[in-house]
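Student: According to the UniProt record's numbering, the sequence shown is numbered sequentially starting from 1.
No lab work stands behind these hints: they were computed from the structure. Please note: incorrect hints may appear among the correct ones.
[Stated by the list, open to error] Capping the alpha-carbon separation at 30 Å, the derived lysine-lysine pairs in DSSO-like fashion look like this:
#	residue 1	residue 2
1	Lys264	Lys65
2	Lys47	Lys264
3	Lys65	Lys47
4	Lys264	Lys226
Please read all numbers here as calculations on a predicted model, not as lab measurements.
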Amino acid sequence: MSEVVPFRLNVPQADLDDLAQRLARTRWPDELPGIGWEHGIPLARVKELAERWRTVYDWRAQEAKLNALPQFTTEIDGANIHFVHVRSPEADALPLIITHGWPSTVADFLDVIGPLSDPRAHGGDPRDAFHLVIPTLPGYTLSGPTREAGWDVNRIARAWAVLMDRLGYRRYGAQGGDWGWPISNALGTVAKDRVVGVHLNYLASPPPTGDVELSEDELERLERQKAYVANPAGYWQMQSTRPQTLAYGLTDSPVGQLAWIADKVTEWTDPASGIDDDRLLTTATLYWVTGTAGSSSRLHRENAPRGGPPNPCPVPLGAAVFAHDLVRPVRRLVERVYDVVHWTEFDRGGHFPAVEAPDLLTDDIRAFFRLLRGR
Numbered sequence: 001m002s003e004v005v006p007f008r009l010n011v012p013q014a015d016l017d018d019l020a021q022r023l024a025r026t027r028w029p030d031e032l033p034g035i036g037w038e039h040g041i042p043l044a045r046v047k048e049l050a051e052r053w054r055t056v057y058d059w060r061a062q063e064a065k066l067n068a069l070p071q072f073t074t075e076i077d078g079a080n081i082h083f084v085h086v087r088s089p090e091a092d093a094l095p096l097i098i099t100h101g102w103p104s105t106v107a108d109f110l111d112v113i114g115p116l117s118d119p120r121a122h123g124g125d126p127r128d129a130f131h132l133v134i135p136t137l138p139g140y141t142l143s144g145p146t147r148e149a150g151w152d153v154n155r156i157a158r159a160w161a162v163l164m165d166r167l168g169y170r171r172y173g174a175q176g177g178d179w180g181w182p183i184s185n186a187l188g189t190v191a192k193d194r195v196v197g198v199h200l201n202y203l204a205s206p207p208p209t210g211d212v213e214l215s216e217d218e219l220e221r222l223e224r225q226k227a228y229v230a231n232p233a234g235y236w237q238m239q240s241t242r243p244q245t246l247a248y249g250l251t252d253s254p255v256g257q258l259a260w261i262a263d264k265v266t267e268w269t270d271p272a273s274g275i276d277d278d279r280l281l282t283t284a285t286l287y288w289v290t291g292t293a294g295s296s297s298r299l300h301r302e303n304a305p306r307g308g309p310p311n312p313c314p315v316p317l318g319a320a321v322f323a324h325d326l327v328r329p330v331r332r333l334v335e336r337v338y339d340v341v342h343w344t345e346f347d348r349g350g351h352f353p354a355v356e357a358p359d360l361l362t363d364d365i366r367a368f369f370r371l372l373r374g375r
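Using the sequences and the accompanying hints, generate a full structural model.
Tutor: This is the structure in structure tokens:
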């Protein structure tokens with residue numbers, strides 16, 4: 001069995017100095033007048049973020065927040081896996097593994113870790129407590145680059161099952177959004193006797209079959225999903241076809257990495273909630289200092305041949321649907337292939353609810369697993 005090793009983040013000052021120097025020497029592109037967001041993230045916005053990154057943003061303060069959490073690394077199937085492991089003070093807490101997506105990191109969960117692991121200290125019911133395991137995806141940020149091909153969602157799910165076994169957890173829940181959707185689904189399949197349920201804050205609808213009559217809202221949801229699948233965003237097309245080509249620019253230019261991430265985070269976020277600029281810069285910094293722009297992109301390449309949505313899993317499903325997410329699923333269609341026991345529609349929040357609406361996400365995770373704890 002591979003050893004579980006304590007981890008502490010300490011970016012060398014030389015790397016931070018190099019980052020500042022590169023930012024100061026940025027070679028800026030031109031921009032058409034009045035183009036706005038039509039061609040991508042505007043030049044003025046990237047310059048604003050880059051200047052804050054260089055002169056105001058305090059990485060050491062963000063690093064300290066991460067280092068306040070118990071972090072570890074372990075080797076599974078030849079890959080280094082970084083993870084946060086927060087045990088609840090409640091002895092009978094339910095273990096829960098949370099999976100992030102792209103371009104997220106474990107830092108996205110800073111606002112939900114306390115309320116989920118220690119509800120008693122945050123005005124909640126101690127019976128809703130969780131022991132939290134939050135891994136960094138193979139090839140992403142603090143896990144470092146993957147060293148071989150084949151790390152698709154199914155292989156990651158098998159690694160998660162090994163990780164939970166290694167930590168001594170025999171019965172646990174799974175939660176996720178973005179890549180956390182197919183990975184949590186796959187985990188519920190490969191460890192169906194261990195996983196009590198899967199809670200998702202992002203999933204798509206299966207295609208309609210038969211003569212089902214759909215409401216105007218349901219038809220609109222399906223049309224939006226169909227349009228998104230038929231014409232994937234540029235980032236998806238690049239990362240699923242040419243991750244290596246993309247990696248050269250993003251690994252060499254911090255502004256390139258910043259713009260690549262900020263473009264999608266901004267587009268996928270509820271404008272009413274937004275994401276703090278320093279949170280965005282923490283994400284960019286974690287990808288930059290670890291040099292994982294290319295290796296994180298490879299997950300899109302590895303799963304490109306799969307096509308379509310992931311197979312549903314055999315364990316109970318809970319869904320939190322946020323109003324401004326990329327797609328919003330149709331419950332009646334999801335229920336045809338999943339054992340849906342919990343479903344909530346929110347009028348705010350987008351693709352990153354742990355950052356945008358941590359209160360809503362926390363309450364919904366609690367509510368779903370409350371239904372399953374006695375099973």
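Student: Now look at each hint and say whether the structure bears it out.
Tutor: Against the structure, the hints come out as follows:
A distance of roughly 25 Å separates the Cα atoms of Lys264 and Lys65; the hinted pair therefore holds under the 30 Å criterion. Proposed proximity of Lys47 and Lys264 is supported: the alpha carbons are some 17 Å apart, at most 30 Å. About 26 Å separates the Cα atoms of Lys65 and Lys47, which keeps this hinted pair within 30 Å; it holds. Distance hint between Lys264 and Lys226 is fulfilled; the C-alpha atoms sit about 19 Å from each other, no more than 30 Å.
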